[in-house]
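Engineer: Keeping the supplied structure of chain A fixed, place chain B upon it in accordance with the hints.
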Amino acid sequence: MNVSWLIAQRELKERIKTRSFIGMAIAGPLLVLLLVYVLFSVGENNKPHWNVLIVDPVGIMDNKILANTNGNISYDFANNYLPLKDFEKSKRFQKYDALLELNEKILSNKAAFLFYKEKPSFVFATAIQFHLERRLEEVMIKRFSKMTVQEFRGIKQPINVAFRNLYDPKNESYSLSGWVGFFFGGVILLFILLFGMTILRSVSSEKSNRIVEVLLASVKPRQLMFGKIAGIGIAALIQFVIWTILIWLGLFILRETLFPDMMDLSNWDVSKIADQASSGLEDGLFRSKVYNDFVELVYSRIQFGDMLVFFLLFFISGYIFYGTFFAALGATSGSENDGQQFVLPIMVLLVIALWAGYYTMQNPLSQLTYILSFLPFTSPMVCMVKLAQGYSLGEGYQIYVSFSILALSSYATLRLAGRLYQNGILQFGHRLRLTQFVTWLKNG
Amino acid sequence: MLQLTSITKSYFQKIAVDDVSLSLNEGEIFGLLGPNGAGKTTLIRIINRIIEPEKGEVRFNGELMKGKHLAEIGYLPEERGLYKTMTVYDHAMFLGRLRRMSKDEVNKSLNNWLEKFEITSWKNKRIEELSKGMAQKVQFICAVLHEPSLLILDEPFSGFDPVNVELIQNELKAMKKAGKTIMLSSHNMKSVEEICDRAALIHQSKKILEGSVINLREDRKDGRYAVKFKGNMLAFTHALWTGFELIDKEELAKDRFVAYVAMRGENNFQDLLKTLIGQIEIEAAWEVLPTMQQIFIETVTGKSI
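Sequences listed follow chains A and B, in order.
Residue numbers for the first sequence follow this note's numbering, beginning at 1 and rising by one.
Residue numbers for the second sequence follow this note's numbering, beginning at 1 and rising by one.
Okay, chain A solo, but in the shape it has when bound (with noise of 0.2 Å):
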């Protein structure tokens, strides 16, 4: 059997039995969870009253729209072309908070755009939503049925809106799907310092106490590195998928318990709340529906089976990447405790890239987001922001080109972090320097 693997059986069996391990797949996603509550508990926090500016050029509406019953949303109609910029500045649109804009093709495309200044809350969202539907469905079954309404809705399709920041019309800065990325880059950032501080003071333990010398009579140093980090690795691997099956518990937990009504958009059944509003049940529609940004994040926008496959790609090399460091900062130090001052800027490294990741989220096709999704110390974060964000067509092959310099890159950092283990792992007793490094380095 391969001596490699021996090692990496060892190291596995040594973290999964730990007490600070088991500890860690309990607490982590119980964090996570609790996490979730809160989000879900306080999500909703939006202005009680909205005003918007249908504008209808071409006079579909007629100038009409079903008003809520509770008067929380008030409608204004205009009926020239009015530029998002004068809407935006004009002084007689500050009273608007939206403009929805109607154009003569939504009755046929079933496309409007409500250009917002602050982002409304889902029950505001998915009123208006329904208020447009019920005084199109009128003007459709006007102009192109002899059905009665009823009989129209029972046969329509809901209409796409798509919501929009009024400074930010192409929605480039923000995007609730590049959170999932942020997740899943986090996730991997923080198993990368934990299990990187495991293999860290792995090393310096095994060196402190000699058995490194029994096990270099049998293996290679190279082959005891990469071992432990192969070790220690499945080990973080084994603590994701706990971390992944119990969050998935725990929300379909929540889901079905604690919050109940919360609404998922797969189970979002517009026939039915159709036909609560026409049945007079109008006050009642929404409220059972309470909704916010984070549980449409965490229960629609999430797509873990696209999502996983490049997690796990970009969570193995980042974590051989940044492992390597760790083991040759390990196997170099004098003492368990020396070296911790090295230990300092892969921190700053990995606190650099988990800000890439949010300046990713906020400028997606900026410049500098393009280079720190090249970059092997970024990349494992801006590509899972930017993945889930979703590359523009004809840039897909972007990841792929981040992965492969980020696998060079680990394959380049293994075989240097090599030459540090293999003539630093019996130095014993010294104070760690940089100069050591760079002859370390030399000595291949």
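I should point out that these hints are in silico values taken from the structure, not numbers from a laboratory.
There could be a bad hint or two in this list.
Have a look at the derived ranges for each label pair, beta carbon to beta carbon [said to hold, decoys possible]:
id: 1; chain 1: B; residue 1: Lys55; chain 2: A; residue 2: Leu434; range: 24 to 32 Å
id: 2; chain 1: B; residue 1: Val163; chain 2: A; residue 2: Arg415; range: 45 to 53 Å
id: 3; chain 1: A; residue 1: Ile22; chain 2: B; residue 2: Lys116; range: 32 to 40 Å
id: 4; chain 1: B; residue 1: Glu78; chain 2: A; residue 2: Tyr411; range: 34 to 42 Å
id: 5; chain 1: A; residue 1: Ile22; chain 2: B; residue 2: Asp104; range: 28 to 36 Å
id: 6; chain 1: A; residue 1: Ile405; chain 2: B; residue 2: Phe12; range: 34 to 42 Å
id: 7; chain 1: A; residue 1: Ile22; chain 2: B; residue 2: Glu78; range: 35 to 43 Å
id: 8; chain 1: A; residue 1: Leu434; chain 2: B; residue 2: Glu128; range: 34 to 42 Å
Computed list of lysine-lysine pairs in BS3-like fashion (alpha-carbon distance at most 30 Å, straight line) [as the list claims (entries may be wrong)]:
id: 9; chain 1: B; residue 1: Lys14; chain 2: A; residue 2: Lys220
id: 10; chain 1: B; residue 1: Lys103; chain 2: A; residue 2: Lys13
id: 11; chain 1: B; residue 1: Lys177; chain 2: B; residue 2: Lys116
id: 12; chain 1: B; residue 1: Lys206; chain 2: A; residue 2: Lys220
id: 13; chain 1: A; residue 1: Lys442; chain 2: B; residue 2: Lys14
id: 14; chain 1: A; residue 1: Lys220; chain 2: B; residue 2: Lys66
id: 15; chain 1: A; residue 1: Lys17; chain 2: B; residue 2: Lys84
id: 16; chain 1: A; residue 1: Lys64; chain 2: A; residue 2: Lys91
id: 17; chain 1: B; residue 1: Lys55; chain 2: A; residue 2: Lys442
id: 18; chain 1: B; residue 1: Lys108; chain 2: A; residue 2: Lys220
id: 19; chain 1: A; residue 1: Lys13; chain 2: B; residue 2: Lys125
id: 20; chain 1: A; residue 1: Lys17; chain 2: B; residue 2: Lys132
id: 21; chain 1: A; residue 1: Lys442; chain 2: B; residue 2: Lys68
id: 22; chain 1: A; residue 1: Lys220; chain 2: B; residue 2: Lys123
id: 23; chain 1: A; residue 1: Lys220; chain 2: B; residue 2: Lys132
id: 24; chain 1: B; residue 1: Lys103; chain 2: A; residue 2: Lys17
id: 25; chain 1: B; residue 1: Lys108; chain 2: A; residue 2: Lys17
id: 26; chain 1: B; residue 1: Lys274; chain 2: B; residue 2: Lys249
id: 27; chain 1: B; residue 1: Lys103; chain 2: A; residue 2: Lys220
id: 28; chain 1: A; residue 1: Lys220; chain 2: B; residue 2: Lys55
id: 29; chain 1: B; residue 1: Lys66; chain 2: A; residue 2: Lys442
id: 30; chain 1: A; residue 1: Lys13; chain 2: B; residue 2: Lys108
id: 31; chain 1: A; residue 1: Lys442; chain 2: B; residue 2: Lys206
id: 32; chain 1: B; residue 1: Lys123; chain 2: A; residue 2: Lys17
id: 33; chain 1: B; residue 1: Lys125; chain 2: A; residue 2: Lys17
id: 34; chain 1: B; residue 1: Lys84; chain 2: A; residue 2: Lys220
id: 35; chain 1: B; residue 1: Lys108; chain 2: B; residue 2: Lys84
id: 36; chain 1: A; residue 1: Lys13; chain 2: B; residue 2: Lys68
id: 37; chain 1: A; residue 1: Lys13; chain 2: B; residue 2: Lys132
From a predicted model like this one, the values you see are computed outputs, not experimental measurements.
We put the CB at the ideal spot given by N, CA and C, even for glycine.
Structural biologist: Here is chain B on its own, set in the frame of chain A:
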């Protein structure tokens, strides 16, 4: 069995081993001696392929030493450690498997050694539950588990009580009898004298002595003889008269002595015994050879003791 030719190794411009050549014959116990920092551990690491020499070569059974030969070598380093949370069994299994043993082979060999040392009850104990001496026994077992044809032991007796030193020495003698070759580095000169067939002395990175232990001692004898007797010291001195010279004496008890005597003129050991018989009650008499400790100190310090 093992030949080292012109081995040289330096660390950061400091020479650790300088042009050292050695050879170990099959079925012998070879002592590698030297003061701290002489280069013994570096030499042992080179034999174990843990580090590479800058110059020179190591041959194992005539072949250039390669990774495949490591399975035939057992190694107990001076600074040895164990994984504290692992059991004795897990530890042996892990290290045995690294030495290319099958699980069955490890099991069989481990049980055999545990029974031999009468410590079968330790099998499932964690290392952290064992005393230092107990852990050292486990380390020794792990080094010999795969029945290596060459066993390299760096300070194998350090930390052992006399009973366990005896136990380990007996095991080493038994292994030698079974045809195994053993190299041991030790500061325990008494053990070296007792069990080593040959020895080499490394000092300041160079080999300065090599030979069979008895020859090394014989070569440095100074013609002194010791006589252990019961009787009067005055009578002893009178008996020596002018043919012999009393150099030193130790009083063991009342009227019991060990006297150290040098020959004068053509007198020899037989003459000495003839002179003394009838004057005192001789209990024992022998030629005094320098101890390995004396040879070690004299060679390293350049001063005679």
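Engineer: With reference to the structure, classify each hint as holding or not holding.
Structural biologist: Evaluated hints:
In this structure the supplied range 24 to 32 Å holds for B/Lys55 paired with A/Leu434, their Cβ-Cβ distance being about 30 Å. The beta-carbon spacing between B/Val163 and A/Arg415, approximately 50 Å, falls within the hinted interval of 45 to 53 Å. At roughly 38 Å, the beta carbons of A/Ile22 and B/Lys116 sit within the given window of 32 to 40 Å. Taking 34 to 42 Å as the suggested C-beta distance range, the pair B/Glu78 and A/Tyr411 conforms, at roughly 36 Å.
At about 32 Å, the CB distance of A/Ile22 to B/Asp104 agrees with the hint of 28 to 36 Å. Separation of A/Ile405 from B/Phe12 is about 36 Å and conforms to the stated range, judged on CB atoms against 34 to 42 Å. Taking 35 to 43 Å as the suggested C-beta distance range, the pair A/Ile22 and B/Glu78 conforms, at roughly 37 Å. In this structure, A/Leu434 and B/Glu128 meet the distance hint of 34 to 42 Å, their C-beta atoms being roughly 36 Å apart.
Taking the CA atoms of B/Lys14 and A/Lys220, the gap is near 24 Å; set against the 30 Å cutoff, the hint holds. Taken as a hint, the B/Lys103 and A/Lys13 pair is honoured in the structure, with Cα atoms around 17 Å apart against an allowance of 30 Å. The straight-line distance between the Cα atoms of B/Lys177 and B/Lys116 is roughly 17 Å, inside the 30 Å bound, and the hint therefore holds. This hinted pair checks out: B/Lys206 and A/Lys220 have alpha carbons roughly 28 Å apart, not beyond 30 Å.
For the hint pairing A/Lys442 with B/Lys14, the CA-to-CA distance comes to about 17 Å; that is within 30 Å, so the pair holds. Taking the CA atoms of A/Lys220 and B/Lys66, the gap is about 12 Å. The hint holds against a cut of 30 Å. Of the supplied pair hints, the one linking A/Lys17 and B/Lys84 holds, its CA atoms being roughly 14 Å apart against a limit of 30 Å. The suggested pairing of A/Lys64 with A/Lys91 holds, with an alpha-carbon distance near 25 Å, which does not exceed 30 Å.
With a C-alpha separation of about 19 Å, the suggested pairing of B/Lys55 with A/Lys442 holds against the 30 Å cut-off. Only pairs whose Cα atoms come within 30 Å are accepted, and B/Lys108 paired with A/Lys220 is accepted, the gap being roughly 27 Å. Simply put, A/Lys13 and B/Lys125 have alpha-carbon atoms about 17 Å apart, close enough for the 30 Å limit, and the pair holds. Using a Cα cut-off of 30 Å, the hinted pair A/Lys17 and B/Lys132 holds, with the two alpha carbons roughly 25 Å apart.
Distance restraint check for A/Lys442 and B/Lys68: the Cα-Cα separation of roughly 28 Å lies within the 30 Å cut-off, and the hinted pair is therefore satisfied. Distance check on the hinted pair: A/Lys220 and B/Lys123 sit about 29 Å apart at the alpha-carbon level, within 30 Å; holds. A distance of roughly 28 Å separates the Cα atoms of A/Lys220 and B/Lys132; the hinted pair therefore holds under the 30 Å criterion. Of the pairs offered as hints, the one joining B/Lys103 and A/Lys17 holds, with about 22 Å between alpha carbons and a cut-off of 30 Å not exceeded.
Taking the CA atoms of B/Lys108 and A/Lys17, the gap is about 27 Å. The hint holds against a cut of 30 Å. Taking the CA atoms of B/Lys274 and B/Lys249, the gap is near 20 Å; set against the 30 Å cutoff, the hint holds. Of the pairs offered as hints, the one joining B/Lys103 and A/Lys220 holds, with about 22 Å between alpha carbons and a cut-off of 30 Å not exceeded. A C-alpha spacing of about 20 Å is found between A/Lys220 and B/Lys55, which places the hinted pair at or below 30 Å, so the restraint holds.
Straight-line distance between C-alpha atoms of B/Lys66 and A/Lys442 comes to about 24 Å, which keeps the hinted pair within the 30 Å bound. Annotation: proposed proximity of A/Lys13 to B/Lys108 holds, straight-line Cα distance about 23 Å (limit 30 Å). At most 30 Å may separate the alpha-carbon atoms for a hinted pair to count; A/Lys442 and B/Lys206 meet this at roughly 28 Å. For the hint pairing B/Lys123 with A/Lys17, the CA-to-CA distance comes to about 20 Å; that is within 30 Å, so the pair holds.
Proximity of B/Lys125 to A/Lys17 is assessed by CA-CA distance (about 16 Å); at most 30 Å being required, the pair is judged to hold. For the given pair, B/Lys84 sits about 23 Å from A/Lys220 by alpha-carbon distance, which is consistent with the 30 Å threshold. Distance check on the hinted pair: B/Lys108 and B/Lys84 sit about 23 Å apart at the alpha-carbon level, within 30 Å; holds. Taking the CA atoms of A/Lys13 and B/Lys68, the gap is near 28 Å; set against the 30 Å cutoff, the hint holds.
A distance of roughly 25 Å separates the Cα atoms of A/Lys13 and B/Lys132; the hinted pair therefore holds under the 30 Å criterion.
In this structure, every one of the numbered hints holds.
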